[in-house]
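Q: What follows is each chain in one-letter form.
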Amino acid sequence: MRDFYGVTLGNPLMLGTAQYPSPAVLEAAFRQSGASVATVSLRREGGQGRAFWDIVKRLGVHILPNTAGCHSAREAITTAQMARELFETNWIKLEVIGHADTLQPDPFGLLEATEALAADGFDVFPYTTEDQVLAARLLDAGARVLMPWGAPIGSGLGLNNRYGLKTLRAAFRDVPMVIDAGLGLPSHAADALEMGFDAVLLNTAVAQAGDPVGMARAFALGVQAGELARDADPMNSRDMAQPSTPVIGKAWL
Amino acid sequence: MRIEVNGEAREVAGPTLADALGELGWGPARVATALNGAFVPKAARAGTALKDGDRLEVLAPMQGG
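Sequence order for the protein chains is A and B.
The opening residue of the first sequence carries number 1 in the numbering used here; numbering runs sequentially from there.
The opening residue of the second sequence carries number 1 in the numbering used here; numbering runs sequentially from there.
Any given hint could turn out to be false.
Said to hold, decoys possible - List of simulated lysine to aspartate or glutamate pairs, DMTMM-like, C-alpha gap at most 20 Å:
hint: 1; chain 1: B; residue 1: LYS42; chain 2: A; residue 2: GLU88
hint: 2; chain 1: B; residue 1: LYS42; chain 2: A; residue 2: ASP106
hint: 3; chain 1: B; residue 1: LYS42; chain 2: A; residue 2: GLU75
Said to hold, decoys possible - Here are the computed distance ranges between Cβ atoms for each label pair:
hint: 4; chain 1: A; residue 1: LEU157; chain 2: B; residue 2: ARG2; range: 45 to 51 Å
hint: 5; chain 1: B; residue 1: GLU4; chain 2: A; residue 2: PRO21; range: 52 to 58 Å
hint: 6; chain 1: B; residue 1: LYS42; chain 2: A; residue 2: ARG2; range: 30 to 36 Å
As the list claims (entries may be wrong) - Not close to chain B: a few residues of chain A, all C-beta gaps over 12 Å, as computed:
hint: 7; residue: PHE87
hint: 8; residue: GLY214
hint: 9; residue: ASP239
hint: 10; residue: ALA241
Honestly, the hints are just simulated from the structure, not real lab data.
No residue lacks a Cβ here, since even glycine has one placed at the ideal position from N, Cα and C.
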């Protein structure tokens, strides 16, 4: 398995910590999901920071702070620096958002911030698209992990551009890749892993389900199935039928 | 002096960022700070002087996706 900046994850599920009905449900969902990484953010201190930090520490998983909501490289770089001190990790999920409706990454700002942060010793997890040229530039800039989107954040659409994602996966065989954003169902997560991706990152699909704890369990099984399938070398699909039952020896009736 | 703290106007005596954080009740709190858009590490707060009109951001761990 490909590692993430020297860390081998015991489970390919990365789970967000936002939008749960309560802190208790968040904790229960995490335990059911088996997730090995929790994403977190920084916001203006309103008095709840300490309690949330205690919950996150209790989860006992790797912490991946994000730069969600940043629309420029400068903003994202400052946020990353603050996150490194606050969460005591070099890991940063780098989001530089370029469009308010699609929350699509701004490729230019993303590249600029990746370059600056990698040079400053950060382990950058850039939230990117399936664009291969941008992927190559991000790797040149010092990223050792890529996080292409499945679909727009919070949309639950699954893998929106299967061809693009497959091509990206095939183009950079040694690079650990996480499908981040847009997953709505456990089958989407399984799909991503079956396609050869190393991990999936999701939040809304679990947190906003009618039963987040039940959905967390479903995702745990989905990623397990996807990972087993990926490692078992799936068959190639074909356009025409091919009988699975032997033709030779069929009775002449 | 009058500065902006997390988007709100506040009166602080200062003179340093560390002093102001103490005044605002964030002395021992787990927070990260940025002054006028630039990160100020914890170790540099005591040596960072504030001036009228400064824009201070005080951030804490929060839920995120």
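Q: What are the numbers of the hints the structure violates, in ascending order?
A: 2, 5 and 7
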